[in-house]
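*Asks:* Listed here are the chains, written in short residue letters.
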Amino acid sequence: MNKTRHLIGLSDLSREQMAQLLERGEYWAKRPGEQAEILRGRFVANLFFEASTRTRFSFEVAQKRLGAHVLNFIPETSSSVKGETVYDTLRTLEAMGVEAAVIRTKKEGLLQELAESVDLHLINAGDGTNEHPTQCLLDMLTMKQQFGRLEGLTVAIIGDLRHSRVLGSHLHALPKMGVKLLLSGPTTMMPQPAQIPDGVKIVEIDEAIQTADVVMMLRVQLERHSEALYISKEEYHQKHGLTLERAKMMKAGAVIMHPAPVNRGVEIDTNLVESKTSLIQKQVTNGVAVRMAVLETLLKGSEMTWVSSLATAN
Amino acid sequence: MNKTRHLIGLSDLSREQMAQLLERGEYWAKRPGEQAEILRGRFVANLFFEASTRTRFSFEVAQKRLGAHVLNFIPETSSSVKGETVYDTLRTLEAMGVEAAVIRTKKEGLLQELAESVDLHLINAGDGTNEHPTQCLLDMLTMKQQFGRLEGLTVAIIGDLRHSRVLGSHLHALPKMGVKLLLSGPTTMMPQPAQIPDGVKIVEIDEAIQTADVVMMLRVQLERHSEALYISKEEYHQKHGLTLERAKMMKAGAVIMHPAPVNRGVEIDTNLVESKTSLIQKQVTNGVAVRMAVLETLLKGSEMTWVSSLATAN
Amino acid sequence: MNKTRHLIGLSDLSREQMAQLLERGEYWAKRPGEQAEILRGRFVANLFFEASTRTRFSFEVAQKRLGAHVLNFIPETSSSVKGETVYDTLRTLEAMGVEAAVIRTKKEGLLQELAESVDLHLINAGDGTNEHPTQCLLDMLTMKQQFGRLEGLTVAIIGDLRHSRVLGSHLHALPKMGVKLLLSGPTTMMPQPAQIPDGVKIVEIDEAIQTADVVMMLRVQLERHSEALYISKEEYHQKHGLTLERAKMMKAGAVIMHPAPVNRGVEIDTNLVESKTSLIQKQVTNGVAVRMAVLETLLKGSEMTWVSSLATAN
Numbered sequence: 001m002n003k004t005r006h007l008i009g010l011s012d013l014s015r016e017q018m019a020q021l022l023e024r025g026e027y028w029a030k031r032p033g034e035q036a037e038i039l040r041g042r043f044v045a046n047l048f049f050e051a052s053t054r055t056r057f058s059f060e061v062a063q064k065r066l067g068a069h070v071l072n073f074i075p076e077t078s079s080s081v082k083g084e085t086v087y088d089t090l091r092t093l094e095a096m097g098v099e100a101a102v103i104r105t106k107k108e109g110l111l112q113e114l115a116e117s118v119d120l121h122l123i124n125a126g127d128g129t130n131e132h133p134t135q136c137l138l139d140m141l142t143m144k145q146q147f148g149r150l151e152g153l154t155v156a157i158i159g160d161l162r163h164s165r166v167l168g169s170h171l172h173a174l175p176k177m178g179v180k181l182l183l184s185g186p187t188t189m190m191p192q193p194a195q196i197p198d199g200v201k202i203v204e205i206d207e208a209i210q211t212a213d214v215v216m217m218l219r220v221q222l223e224r225h226s227e228a229l230y231i232s233k234e235e236y237h238q239k240h241g242l243t244l245e246r247a248k249m250m251k252a253g254a255v256i257m258h259p260a261p262v263n264r265g266v267e268i269d270t271n272l273v274e275s276k277t278s279l280i281q282k283q284v285t286n287g288v289a290v291r292m293a294v295l296e297t298l299l300k301g302s303e304m305t306w307v308s309s310l311a312t313a314n
Numbered sequence: 001m002n003k004t005r006h007l008i009g010l011s012d013l014s015r016e017q018m019a020q021l022l023e024r025g026e027y028w029a030k031r032p033g034e035q036a037e038i039l040r041g042r043f044v045a046n047l048f049f050e051a052s053t054r055t056r057f058s059f060e061v062a063q064k065r066l067g068a069h070v071l072n073f074i075p076e077t078s079s080s081v082k083g084e085t086v087y088d089t090l091r092t093l094e095a096m097g098v099e100a101a102v103i104r105t106k107k108e109g110l111l112q113e114l115a116e117s118v119d120l121h122l123i124n125a126g127d128g129t130n131e132h133p134t135q136c137l138l139d140m141l142t143m144k145q146q147f148g149r150l151e152g153l154t155v156a157i158i159g160d161l162r163h164s165r166v167l168g169s170h171l172h173a174l175p176k177m178g179v180k181l182l183l184s185g186p187t188t189m190m191p192q193p194a195q196i197p198d199g200v201k202i203v204e205i206d207e208a209i210q211t212a213d214v215v216m217m218l219r220v221q222l223e224r225h226s227e228a229l230y231i232s233k234e235e236y237h238q239k240h241g242l243t244l245e246r247a248k249m250m251k252a253g254a255v256i257m258h259p260a261p262v263n264r265g266v267e268i269d270t271n272l273v274e275s276k277t278s279l280i281q282k283q284v285t286n287g288v289a290v291r292m293a294v295l296e297t298l299l300k301g302s303e304m305t306w307v308s309s310l311a312t313a314n
Numbered sequence: 001m002n003k004t005r006h007l008i009g010l011s012d013l014s015r016e017q018m019a020q021l022l023e024r025g026e027y028w029a030k031r032p033g034e035q036a037e038i039l040r041g042r043f044v045a046n047l048f049f050e051a052s053t054r055t056r057f058s059f060e061v062a063q064k065r066l067g068a069h070v071l072n073f074i075p076e077t078s079s080s081v082k083g084e085t086v087y088d089t090l091r092t093l094e095a096m097g098v099e100a101a102v103i104r105t106k107k108e109g110l111l112q113e114l115a116e117s118v119d120l121h122l123i124n125a126g127d128g129t130n131e132h133p134t135q136c137l138l139d140m141l142t143m144k145q146q147f148g149r150l151e152g153l154t155v156a157i158i159g160d161l162r163h164s165r166v167l168g169s170h171l172h173a174l175p176k177m178g179v180k181l182l183l184s185g186p187t188t189m190m191p192q193p194a195q196i197p198d199g200v201k202i203v204e205i206d207e208a209i210q211t212a213d214v215v216m217m218l219r220v221q222l223e224r225h226s227e228a229l230y231i232s233k234e235e236y237h238q239k240h241g242l243t244l245e246r247a248k249m250m251k252a253g254a255v256i257m258h259p260a261p262v263n264r265g266v267e268i269d270t271n272l273v274e275s276k277t278s279l280i281q282k283q284v285t286n287g288v289a290v291r292m293a294v295l296e297t298l299l300k301g302s303e304m305t306w307v308s309s310l311a312t313a314n
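Chains as they are written, first to last, in full-length UniProt numbering: chain U, 1 to 314; chain E, 1 to 314; chain V, 1 to 314.
If you're looking for bench data, these hints aren't it; they were derived computationally from the structure.
The hints are all genuine.
When the alpha-carbon atoms are kept at most 16 Å apart in a straight line, the in silico EDC-like pairs for lysine to aspartate or glutamate are as follows:
| # | chain 1 | residue 1 | chain 2 | residue 2 |
| --- | --- | --- | --- | --- |
| 1 | V | 282 | U | 119 |
| 2 | E | 282 | V | 88 |
| 3 | E | 64 | V | 99 |
Stretches of chain V that chain E covers, calculated by requiring three or more beta carbons in the stretch to come under 8 Å of a beta carbon on chain E:
| # | stretch |
| --- | --- |
| 4 | 39-47 |
| 5 | 96-106 |
Residues of chain E clear of chain U, computed beta-carbon distances all greater than 10 Å:
| # | residue |
| --- | --- |
| 6 | 5 |
| 7 | 11 |
| 8 | 231 |
| 9 | 239 |
| 10 | 264 |
Where a beta carbon is used, it is the ideal one built from N, C-alpha and C, also for glycine.
The shape of chain U in the complex, shown without the other chains (with noise of 0.2 Å):
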């Protein structure tokens, strides 16, 4: 079997690997829509096994810019009803010519469990609540070409933070990369506190957001919550959200960010959305140019000088 070369989590990469990716990430970002010939005639596969518009066609979009051909795999209509695990339906995929697996999967840490044992390129998309790694990457690039630096930046995450599927990988990646790190949400939705890494703060959502350069506000995960969870909507806006109120509290040249889809008036006033200090659009073209950026270089391999470093990911 040969070397295999996966993106599981930023927690994989060195601050060197991360800042060539965002390099690429950013080259890509400023030719869009320019149609690359790259993977032409090479097949990648999609397999999202928990729904997904979003980061699905954001895959799928970069995928085809590079050229590539693309498999989409959809749960419902797929032998996953016969019981097929997922690991013979990569070495399935690997045996038809498939070179990368993008995966989105309730199950953390399942692509570690898969990374030495099968031979395609694997990405993740999603695992749980573990690891999401271009959306920190793309949240990064677009920190990146605001202000010109990620070093010193203090970013604020505020929310749900619990049942995140991004936080993983920021706690991971942002310190790494010299940014300060703050963390604000309801007590019942923190993470575990052995999952904070040291130098990460938590604080007072005012002071969050008065002090951040960056306010990150995430996604309330109703899906994931039982009504007697928490409070009503508007209880949750006041008390949790970004009202129009805090948002007067940010710092000059302070913006928002989220990583969307948003429940507009639940963690962000429907206005804060698209107004003149949100990059959420901003992340979302970000996030085709960083896939790009995370494709061709997988796939690619030696004309990148650091890939030979990239450790298989265990």
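Given chain U's structure and the hints, the job is docking chains E and V onto it.
*Replies:* Relative to the frame of chain U, chains E and V by itself:
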């Protein structure tokens, strides 16, 4: 935000604009199977919030023949379960570089509402029983091929008028093109009187069939009727359908059309579907051609002289 | 209507025709990942009325490697809910310019019924337990690669013969190619005696395994059995499966095959699936190659010398 151009309804188009779309449709109809690269590397999305094979495939063939990249949204597996609004989905697609969205929805007027706030091209593939403009364009193209003109033709639209996805567009467009329009159907399936423009006549089915150059039978929307609403399929066929007997009453040179899919033996005798006087297959073929014309015109912009005058739909 | 050419069952093909398909399959097997443009700009549709990942993806890879445009029909979201018949769907696709339809269906003999009335190429991807010709072709290609010939080989097909989608094709094709065929399985899973051609022997599992050059294990169609029908998985494995012990009884040079997906630990010990004697991954790879050969041959027409003699299936 740039000025956008949409195809939301034929009520927005002038006679000349429709004539130019039909002319371009005829251009593509004369080039079956020709692969163009006019939209090479550009992205369009098909968002069908209601099931459809025929229309989605027709758009997909048109898109791919023009060289576009196609994203297919499948409601069940997407984050529509997360309650993301159509507006937010469109803005997301826009940020990814998608330039046009073909939308089918139950919600009448939805595209109209969105038209001014999104920056990609919207193409209506049916919004409830409001408009289905490309279906009407393909019908007109088929008539024009058959008779060499639209002006002065008599077209009878017969059957389940109330639940028709198509009728709305025909009521606007056909009279504008100089067609004399007759409607006929069971009382319980007639459109609201307010919907019927001056000059459109309601007649008995036998009169409609004897008078028309084009006998257009509509599908009984079986799934939208409760059992009690009407009589058996056989009775419907005898009383309101195009039976073999009624077909014999058609004028020499008159033709049968149907937007399909057909309920064989209900609104039309099964033997008439593929008979010599039926243009149903031709309609399907022309569907690809007019959709190529629409996509090309909206996305290409300046090269079609009339585009500049195509109003932002609202 | 033009003369159409289909691949409905191997029972329709002569020995020479199969040999030519295998030869062309070997051509593509030697060119892994090669992108051809033989079907550039031409449309094929995959209509899978039953769930399948493996077979649909295999066809899709084959189609895209040949440069074709691919339409994927997904039952739940299509107008099959409107009661459109398969015939009408095919005629619609035909009118749109689609040249071939790959069909999987529960209904045995469906393609046969449709063969004479549609004008596009039909390719059977499994019709109930009747035929699954491309699976059989890929199996034969895999054997031929391994042994250099088919003539004179002994192949044992073992397991759930009654519910196999594959067996029908093998019963026709393998004896025609000079293969000696042995069948073995639990009494309740044996095919109807009338289905078994002369010269095909039914033997005990141990004899089958000791005698065969190819031990082909079939998937227990767990989803088609009621609980009461058979014993536990463990008991099935011990009595009717390829255990590690039984694998040791195989002849020197004998190989294991399986149409997959595999029930690990039921019809085959999990450690045998990817063992040195297993050709299961090779089968998957060859699936793409033979499907390319089939698509190319049917759609290209005249350039393959034998195509002119490939009878309209009926």
